[in-house]
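2 protein chains.
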Amino acid sequence: MHRTRVTVVEDALDANNTIAAANRADFDREGVRVVNFMSAPGAGKTTLLERVVRDLPGVRVGVLEGDVQGSMDADRLASLHVPVTQLNTDPSFGGECHLDANMVRSAIPALPLADIDLLVIENVGNLVCPAEFRVGEDVRVMVCSVTEGEDKPLKYPLMFRTCELVLINKIDLLPHLDYDLERLMYNIDQVHPDVERMTVSARTGEGVEAWRDWLTAVATREPAGVA
Amino acid sequence: MHRTRVTVVEDALDANNTIAAANRADFDREGVRVVNFMSAPGAGKTTLLERVVRDLPGVRVGVLEGDVQGSMDADRLASLHVPVTQLNTDPSFGGECHLDANMVRSAIPALPLADIDLLVIENVGNLVCPAEFRVGEDVRVMVCSVTEGEDKPLKYPLMFRTCELVLINKIDLLPHLDYDLERLMYNIDQVHPDVERMTVSARTGEGVEAWRDWLTAVATREPAGVA
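Going line by line, the protein sequences match chains A and B. The numbering of the first sequence is this note's numbering, which starts it at 5 and goes up by one. The numbering of the second sequence is this note's numbering, which starts it at 5 and goes up by one.
This is chain A alone, in the form it adopts within the complex (with noise of 0.2 Å):
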């Protein structure tokens, strides 16, 4: 008699995963390359995207805004002229702190995708849980500013482990802090020696043009598929 073997899937996060590879079969489907931009409260992720989403040579950007409440960040983006899709996650309580696989997959009836070529999803602020919920994006990037300390990276290492960018955001402050850039780089050694760090002043300009150019590379990779 012929017997298989199903073993049975273990948890909400591998429930997550699956939902997350659904997304992204859908995405490589309609050939749009997705970043899971993620960051703490206030670190500089919507100004970042609004230096960067008008003139990426040849892309499309279309932007999935993440928020607890509100549309404040969508409403900037949109005022740029790229479309902006808002999820928010307060049905419950006080919200989720997180955007996960299944939240985006009910948005992507509302996504532009046969008129992008490359989709931002803005996470909710939080270095904690959107770390641990992919959505089926092809890279991560997080945002790390330097007002936030140097110790950022060993108090929230899955967050800087399961990027592939991090962007250190704020660095035209950098004269009034008592900041040493050196510890936040040794930081990062610690959790994530291989991991690519741009220094960037969203506010200033400054580095600006070379996170550009890494996100059209993004855009116009190959699909990696579904992990």
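Quick caveat, the hints were computed from the structure, so don't treat them as lab data. Just so you know, these numbers come straight off a predicted model, no measurement behind them. Treat the hints with care, since some could be wrong.
Said to hold, decoys possible - Short, incomplete list of chain A residues facing chain B, as computed with Cβ under 8 Å:
1. ASP71
2. GLY129
3. ASN130
4. VAL132
5. CYS133
6. ALA135
7. SER149
8. THR151
9. LYS174
10. HIS180
11. ARG207
Said to hold, decoys possible - From the derived model, a few chain A residues whose C-beta atoms are all more than 12 Å from chain B:
12. ALA29
13. ASP30
14. ASP32
15. ARG64
16. LEU84
17. HIS85
18. ALA111
19. GLU168
20. LEU185
21. ASP198
22. MET202
23. GLY211
24. GLU213
Unchecked claim - With beta-carbon atoms standing in for the labels, derived distance ranges:
25. PRO227(A) to ARG58(B): 48 to 58 Å
26. ALA214(A) to ARG165(B): 34 to 44 Å
27. GLU213(B) to ALA221(A): 51 to 61 Å
The beta carbon of each residue, even a glycine, is placed where N, CA and C say it ideally should be.
Given chain A, put chain B in place with the hints provided.
Just chain B, lined up with the frame of chain A:
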């Protein structure tokens, strides 16, 4: 026949509230007032504690440090000869993004309640979930750094709504930021018009005396009883 009716508790937050009330009863019995101290990552909670814990007049302070991983903040405070207990939330994959009542309950046997008057619970750096979980505190205080932008009350309303005091930190950086303090105050008014606010700089010490006095007053409050 005598009949009574028991309504079944509804969800995880109800269970959390039950345990929070038990924690609170234990703290009250020992005459310890408890502050749930919250903020986004890197807003300056630990530095604001370092500034005051040694010299609250007549008040013996203890600290319960909540972190995903590590004990860097606990080490900083212990070096000031303040009793510190570390609580890490990382038995699961990426760690929990908040403290809940049961985690704090598990720490109670390790707390020197007979030797302190005030317990400050430094929560995990996060503006979403910590606001949803009571841990047995008398009061909630949050730190909001001016580097995070003026929009945070609108994006994370529950956190601002459930606090008794908002410490607006890093005001020494105001000359170097495009920041409108009046707009922050206006946004706080939208979600919690009656909340007390203090502008402080943990770095320069500006405003720290008012924060010290406020904390001293909390320590000498009569217990309000468990709600």
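To see whether the hints hold, each was checked on the structure:
1. Using the Cβ-Cβ criterion of 8 Å, the hint placing ASP71(A) at the interface with chain B is satisfied: the shortest such distance is roughly 6 Å.
2. For GLY129(A), the suggested interface contact is upheld, since its CB lies about 7 Å from the closest CB of chain B, less than 8 Å.
3. With a cut of 8 Å, the hint placing ASN130(A) at the interface with chain B holds, because the nearest CB-to-CB distance is about 6 Å.
4. Annotation: interface hint on VAL132(A) holds; nearest CB of chain B at approximately 4 Å, less than 8 Å.
5. Proximity of CYS133(A) to chain B holds as hinted, the smallest CB-CB distance being about 5 Å (cut-off 8 Å).
6. With a cut of 8 Å, the hint placing ALA135(A) at the interface with chain B holds, because the nearest CB-to-CB distance is about 5 Å.
7. Interface restraint check: SER149(A) against chain B, minimum CB-CB distance 7 Å, threshold 8 Å, status holds.
8. Hint status for THR151(A): holds, given a least beta-carbon distance of 4 Å to chain B, under 8 Å.
9. At its closest, the beta carbon of LYS174(A) sits 7 Å from a beta carbon of chain B; the interface hint therefore holds under the 8 Å criterion.
10. Of the supplied interface hints, the one on HIS180(A) holds, with its beta-carbon coming within about 5 Å of a beta-carbon of chain B, less than 8 Å.
11. Hint on ARG207(A) holds. Least Cβ distance to chain B is approximately 7 Å, under the 8 Å limit.
12. Separation of ALA29(A) from chain B is adequate, the least Cβ-Cβ distance of about 24 Å exceeding the 12 Å criterion.
13. ASP30(A), annotated as away from the interface, keeps every beta carbon of chain B farther than 12 Å; the closest lies near 25 Å.
14. Listed as a non-interface residue, ASP32(A) keeps its Cβ farther than 12 Å from every Cβ of chain B; the least gap is roughly 26 Å.
15. ARG64(A), annotated as away from the interface, keeps every beta carbon of chain B farther than 12 Å; the closest lies near 28 Å.
16. The beta carbon of LEU84(A) is kept farther than 12 Å from every beta carbon of chain B, the shortest such distance being approximately 17 Å.
17. A cut-off of 12 Å between C-beta atoms confirms that HIS85(A) is not in contact with chain B; the least separation is 22 Å.
18. The claim that ALA111(A) is not at the interface with chain B holds, since no C-beta of that chain comes within 12 Å of its own (minimum 18 Å).
19. Distance to chain B confirms GLU168(A) as a non-interface residue, since its nearest Cβ pair spans about 17 Å, more than 12 Å.
20. Remark: the non-interface label on LEU185(A) is consistent with the geometry, its nearest Cβ contact in chain B lying 15 Å away (cut-off 12 Å).
21. Every CB of chain B is more than 12 Å from the CB of ASP198(A) (nearest about 20 Å), matching its label as outside the interface.
22. Every Cβ of chain B is farther than 12 Å from the Cβ of MET202(A); the closest lies at roughly 19 Å, confirming the non-interface assignment.
23. Annotated as non-interface, GLY211(A) keeps its C-beta farther than 12 Å from every C-beta of chain B; the closest such distance is 18 Å.
24. The Cβ of GLU213(A) lies farther than 12 Å from every Cβ of chain B, with a closest approach of about 21 Å, so its non-interface assignment holds.
25. For the pair PRO227(A) and ARG58(B), the supplied restraint of 48 to 58 Å holds, since their beta-carbon distance comes to about 57 Å.
26. A C-beta distance of roughly 40 Å is found between ALA214(A) and ARG165(B), which places it inside the suggested range of 34 to 44 Å.
27. Restraint check, GLU213(B) to ALA221(A): a C-beta distance of roughly 52 Å satisfies the suggested window 51 to 61 Å.
Violated hints for the displayed structure: none, as all numbered hints are satisfied.
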